[in-house]
Amino acid sequence: MKQYFSEIYTGGKSLVEGLGVTFKALFQPIVTVQYPREEIDITPNYRGHIDLVLDPEKNTFLCISCGMCEKACPSDCIKIKGEKLEGEKKKTLVLFELDFTKCSLCGACVESCPKDALEFSQEYNLAAFSREAFHFDILKRLEERRT
Amino acid sequence: METISILPPELIRMLIAVIIIISFLFLNAIMMGYLERKIAAHVQRRPGPMEVGFHGILQLIVDGVKLLGKELLIPFKVDRTLFRVAPLLSFTPVILPLLVIPFSEKLQARDLNLGLIFIVSMGSVNVMALLVAGWGSNNKYAMFGAMRAVAQSIAFEIPILLSMLAVVLMCNTFSLKEIVGAQEKIWFVFLQPLAFLIYVIAGVAETNRAPFDLPEAESELTAGFHTEYSGMGFSLFFIGEYTNMFIVASVAAVLFLGGWHGPHLPYGEYLGIVWFFLKVYFLLFLMIMIRWTYPRVRFDQLLNFAWKYLVPFSFVNILITAVLVKL
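Residue numbers (my numbering), protein chains in the order written: chain A, 626 to 772; chain B, 7 to 333.
These are computed hints drawn from the structure, not numbers from a lab.
Errors might be hidden in some of the hints.
Straight-line alpha carbon distances no greater than 27 Å define the calculated BS3-like cross-link-like pairs of lysine-lysine that follow [to be verified]:
#, chain 1, residue 1, chain 2, residue 2
1, A, 649, A, 638
2, A, 709, A, 649
3, B, 314, A, 627
4, A, 696, A, 716
5, A, 765, A, 714
6, B, 314, A, 638
The shape of chain A in the complex, shown without the other chains:
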């Protein structure tokens, strides 16, 4: 009998406390954002698809067209091509394509790069109507970023 009443007391008390918690939350600021209208900053650790690193001094890519990333990729989604242009000793990158439909964002390409010429982008708003829209021309993306 004593237990019966003590259960009512402790139970009732915790119910009132619970109501207090939700009542407080009612007046606390909102933590979500209305997505398409507001956006929050992406954390620098975010792993989007890969991008070429822009060298700020030379204003171009660091890639030496060695093809390590192409070999490291487990899904064969990177395709690069380097050519010896006239008057240059080394190869220059002329094509860097990423088939993002197959990429699993493992980062093997970024880790295998001897010149640290690859990085993860911050892109997350990826939506399109066709499969081909996800065959990214990474070199073209770099050209667009160049000033």
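With chain A fixed as given, assemble chain B onto it according to the hints.
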């Protein structure tokens, strides 16, 4: 004027009252739906509906239009008559109790001398609507939901009646107007705090709302008795549920919180409705907060709660009341 004078004035009065009540009923469902979603959102620290109108104020109207435009699907092998009748059966009886509720001293469609019993009996019809809906749907989830609804309503109707009876014993009448009239000096919530508490708990259970929402427990029964309903069929259940909440809250306001009584207002016999609505919406706010605070109880816990706690306490309460009234 000729046509009006051949009709009995009482009939016209009732007709106007019913029209006002039905339109208020839809408005109440829209307001409650909006409030519920907004409060739920803010409890969970989200903004809630924001896109349609200022702070999403038109959201429920848009939802209503969407539901109106939807097809009324009738699933394979259902009992067609019962399936069609159930939403109407859930919606119609909730209009009738509003006819006897005194919104203010002079705003009452009909002052029945058995008003309280009328409300309780109409409340029981609603349970039958849930049973009909569950039975007619040819769906095991709907069936389970309906069975639970019936067991729950039977268990919780007893404490509701007993706590009402405590008030009736004190003022010797079933007429809601006279019950409110008896609370001019002191509200019954101060004389009958236990009965009020029992009434509110059992009332939440009676309207099948969380934490007692077993008949429509989403995680177990998809949507319970209204699983198979689409469009306006679902919508009528939804409106019925919110109106039921309004009735439970307004009966609580009438029995325990002094109905239209409050600080003096000009034209008090009409404007008492302001105090009445403040009390009712305070209780509805409380019911929404309860829904978004507590997790759902298990079925055995639910019935244990009714039979082991609420019923004995209301019996003790009514016994003490009877003795004190007799002294």
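Consistency of the hints with the structure:
1. Of the supplied pair hints, the one linking residue 649 of chain A and residue 638 of chain A holds, its CA atoms being roughly 17 Å apart against a limit of 27 Å.
2. Proximity of residue 709 of chain A to residue 649 of chain A is assessed by CA-CA distance (about 68 Å); at most 27 Å being required, the pair is judged violated.
3. A distance of roughly 15 Å separates the Cα atoms of residue 314 of chain B and residue 627 of chain A; the hinted pair therefore holds under the 27 Å criterion.
4. Pair hint residue 696 of chain A plus residue 716 of chain A holds up; C-alpha atoms about 18 Å apart against a cutoff of 27 Å.
5. Annotation: proposed proximity of residue 765 of chain A to residue 714 of chain A holds, straight-line Cα distance about 23 Å (limit 27 Å).
6. Between residue 314 of chain B and residue 638 of chain A the CA atoms are separated by roughly 19 Å; this keeps the pair inside 27 Å, and the hint holds.
Violated hint: 2 only; the structure is consistent with all others.
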